[in-house]
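**Student:** Read top to bottom, the protein sequences are chains A and B. Throughout the first sequence, residue numbering follows my numbering, covering 1 to 295 in sequence. Throughout the second sequence, residue numbering follows my numbering, covering 296 to 569 in sequence.
Worth flagging that the hints you see were computed from the coordinates, not collected in a lab. Among these hints, one or two may not hold up.
[Said to hold, decoys possible] Derived list of chain B stretches under chain A, where covered just means 3 residues or more per stretch with a C-beta under 8 Å from a C-beta of chain A:
| id | stretch |
| --- | --- |
| 1 | 352-364 |
| 2 | 402-415 |
| 3 | 433-442 |
| 4 | 460-470 |
| 5 | 478-492 |
| 6 | 497-505 |
| 7 | 518-525 |
[To be verified] Some chain A residues near chain B, calculated using beta-carbon distances under 10 Å:
| id | residue |
| --- | --- |
| 8 | Gly-23 |
| 9 | Leu-25 |
| 10 | Cys-40 |
| 11 | Ala-92 |
| 12 | Pro-95 |
| 13 | Asp-103 |
| 14 | Met-187 |
| 15 | Ala-238 |
| 16 | Ile-243 |
Quantities reported herein were computed from a predicted structural model and do not represent experimental measurements. Note that the Cβ used here is the ideal one computed from N, Cα and C, for glycine as well.
Now for the letters of each chain:
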Amino acid sequence: MLNERFSDRRQRLLRLKVMREGGRLPSSSRIDAPAIFEQCPACGEAVSKRQWADQLYVCPHCGHHRPIGAYQRLALTLDSGTFQELNDGMCASNPLDFDGYDDKLEGLRRRTGLSEAVVTAKGRIGGWPAVVAVMDGRFLMGSMGVAVGEKVALAADTARKAKLPLVIFCASGGARMQEGILSLMQMAKTAEAITRFQQAGGLYIACLTHPTTGGVTASFASLGDITLAEPKALIGFAGPRVIEQTIGQKLPEGFQRSEYLEEHGFMDAVVPRGQMKSTLMQLLRLHAKGGARRG
Amino acid sequence: MAELHTPAEKVALARHAGRPGTADYIKALFTDFFEQKGDRLCGEDAGILGGIAMFHGRPVTVIGHRKGRNLEENTRCNFGMPSPEGYRKAQRLMRQADKFGRPIITFIDTPGAYPGLEAEAHGQGEAIARSLAVMSELNVPLIAVVTGEGGSGGALALAMGNTVLMLENAIYSVLSPEGFASILWKDSTRSAEACDVMKLTAQDLEQLGIIDGIIPEPPEGAHANPAAMFDAVDAALQKALRQADRISDPAAHRHKKFRTMGSAFLQEPGKDLF
């Protein structure tokens, strides 16, 4: 009884957070008139808002995966009523006293309802308990500063201590410039925490979404025991513009996309958004000790 | 230590063509150097130089970025911008050092990992990430010396040291000042301004707790008097090695060190913004 009430409250909280970030969950959009359309940014076809929500923000015409907010991703991934956020208020001050950075952070916090560019949580995926971290590209391009590095490292620590699998949905422009060298050090911190977790026998599934680049690619995003990606996500170390400037030629079509990485041996599977949860469930089942559900 | 140079001047000194590089330090400070080539997967990258050598009678593994001394060498070494093959070679050498119980000494001097088409196709991001993972696990001490440019992830990939030292006029940053200005202000000509705000000098980084010590340079910079520079680096390395020998668990020591980087700036203000 008490458990049910907690579960209800958790689900209501997550729904509120999804609404706060302007997203909608499938078949929850009764208030939307079906006639409000939004163009697909890839193919230009008009798609109704309700349809966007029902299709998990994947274009029904061309399959383009639109970026979604962190809470929306959690709502799509975790079982109803199991979401428990970890370290939700954690953020960093302005370590280099960078001009205008405080105001920028304040504005973003107001606009997105996020305190930082990653949300970490405990929950269940098809009944399997797990620690899940989700990066959000709306918050300074999902860039990694001290707070993001700390939250990811803490998520790995939590998973290690509780003997739970760890799933991270990556989406990041890389290290956060405004925090300078301290951002660079978060690559060491996160890689270290993930390695400790893996040494202790933990399963880490990295799900790369559009875009995953720079210091995040060069640290925890590339260290998964299993690496998955959404279709056509841009994944790389250097950005395409920098590469074009360096080599002085146009890059081939599809370069640094999920399928390209799969072809080059850096990806286990490219998984469409609609199959991501079932794929995670399959992987968690395959890693369960003695085939039993833990937790 | 008196500030002899502005941050922008230090950037110029750190990139000076005559500044001693990894090959010079190896030649001057070590004996019996045996170079180890290749990543045992697909290639050899001259942008990273590494091998086994004696340091004051003790075998060590030494690895560093190599920029090259003349145009021909520069081209062969890609101006010290490594490819994934270079990082994977470094991983191989580090694992071997771990196996044979040799301390590791690294020299950092790179504008950054090479942002090229082939480097991406071969997994530049994975190579750097794996290097960080490998360094997390080493049971031998690692001492890193930033001798010139410590450019971003390409530098960090050799620099997760129990001790990280910097030469007085070396720099270490998340991105080149030009790249920083171009990303944040859309204007790469404002790089001198970027040098001032980025906190990339050895003095700033020591204050931020990123590095453990500064090795003084001759007044005009390392290139003006390489012999004096070699002596100073030699003394600093001997001291760092003596200290590292007293660490009972180098992996745990590195964990503690890097796990808390930036923690002083963390806060948890309002729990929720609703």
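**Student:** None of the hints should be skipped; say for each whether it holds.
**Tutor:** Verification of the supplied hints:
1. Under a criterion of three residues with beta carbons nearer than 8 Å to beta carbons of chain A, the stated coverage of the stretch 352-364 of chain B fails, only 0 such residues being counted.
2. Under the rule that three or more residues need a Cβ within less than 8 Å of chain A, the assignment of the stretch 402-415 of chain B holds, with 7 such residues.
3. As drawn, the stretch 433-442 of chain B meets chain A at 0 residues by the rule of a beta-carbon pair under 8 Å; below three, the given contact is violated.
4. Given a C-beta distance limit of less than 8 Å, the hint that chain A covers the stretch 460-470 of chain B holds, as 4 residues qualify and 3 suffice.
5. Residues of the stretch 478-492 of chain B with a Cβ under 8 Å from some Cβ of chain A number 3, which satisfies the need for three, so the listed coverage holds.
6. Interface restraint, the stretch 497-505 of chain B with chain A: holds (3 residues with C-beta to C-beta distance below 8 Å; minimum three).
7. With 0 residues having a Cβ less than 8 Å from any Cβ of chain A, the stretch 518-525 of chain B misses the three-residue criterion, and the hint is violated.
8. Proximity of A/Gly-23 to chain B is violated relative to the hint, the smallest CB-CB distance being about 16 Å (cut-off 10 Å).
9. A distance limit of 10 Å between C-beta atoms decides the matter here; for A/Leu-25 the minimum to chain B is near 18 Å, and the interface restraint is violated.
10. Interface hint at A/Cys-40: violated, since its Cβ lies 28 Å from the closest Cβ of chain B, which is beyond the 10 Å cut-off.
11. The interface hint given for A/Ala-92 is met, as the beta carbon of that residue sits about 5 Å from the closest beta carbon of chain B, less than 10 Å.
12. Hint status for A/Pro-95: holds, given a least beta-carbon distance of 4 Å to chain B, under 10 Å.
13. For the restraint placing A/Asp-103 at the interface with chain B, the shortest Cβ-Cβ distance is roughly 14 Å, beyond the 10 Å limit, so the hint is violated.
14. The restraint placing A/Met-187 at the interface with chain B holds, with a minimum CB-CB distance near 6 Å, inside the 10 Å limit.
15. Look at A/Ala-238: its Cβ gets to within about 3 Å of chain B, closer than 10 Å, so that hint holds up.
16. Using the Cβ-Cβ criterion of 10 Å, the hint placing A/Ile-243 at the interface with chain B is satisfied: the shortest such distance is roughly 5 Å.
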